[in-house]
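K.L.:
Required output: the full structure, derived from the provided sequences and hints.
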Amino acid sequence: MLYKQFKNIYNTFCIDMLRYLYDNRFYFSMVCHISKVSFNPPLPEEIVQKFGPFPHFILAGYTFESLYIRDDKVTFEAGFGSDDEGNFVEVSIDGIYQIIIGVRVIFSRVDPEVAFQQEEEEEEEESHQNTHQNALSLDEQESIQALFSNQDNLKIIQDLKK
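Note that the working numbering numbers the sequence shown so that position 153 is 153, with each residue one more than the last.
Everything labelled a hint here was simulated from the structure, so no lab data went into it. For each residue, glycine too, the CB sits at the ideal point set by N, CA and C. Warning: the hint list may mix true and false statements.
As the list claims (entries may be wrong) - Taking CB as the label site, the calculated pair distances span: (1) Gln5 <-> Glu46: 38 to 46 Å; (2) Gly52 <-> Tyr27: 52 to 60 Å; (3) Val103 <-> Ser66: 23 to 31 Å.
P.N.:
Here it is in structure tokens:
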């Protein structure tokens, strides 16, 4: 649950950052995950393969002027290939990993699932313990609470799990 809230906060921050840059006429670039990028019309496979997993798009000039920011994605027009033929690029907001001005990274996404993995595991364990304790008598529940209230006991139990 925490990682979903964190992801929403990051997405909102990313959108706000993009709008700020656009409104104040700052050219920028962004690094995205290729799975969150689509091209219309579709690009030839040999061009897409050159991007690798994290394409870097520079938004300046006409590309910057064509930028359209929505709540869940951005779109812009860019030229690709030897003909520099224009394509519309659509990037999901959660696929934007970095926003860069010059050589300075001003936005960098942290993976919320990794950041909050330990908290999620602890919540699941606590939920499991609560479910198990509800099946116990009051004396048994008090005994277990006394056991878990001692930090040394908790450490021993955690070491046993490893």
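K.L.:
Evaluate each hint against the coordinates.
P.N.:
Here is how each hint holds up against the structure:
no., hint, in the structure
1, Gln5 <-> Glu46: 38 to 46 Å, "41 Å, holds"
2, Gly52 <-> Tyr27: 52 to 60 Å, "23 Å, violated"
3, Val103 <-> Ser66: 23 to 31 Å, "24 Å, holds"
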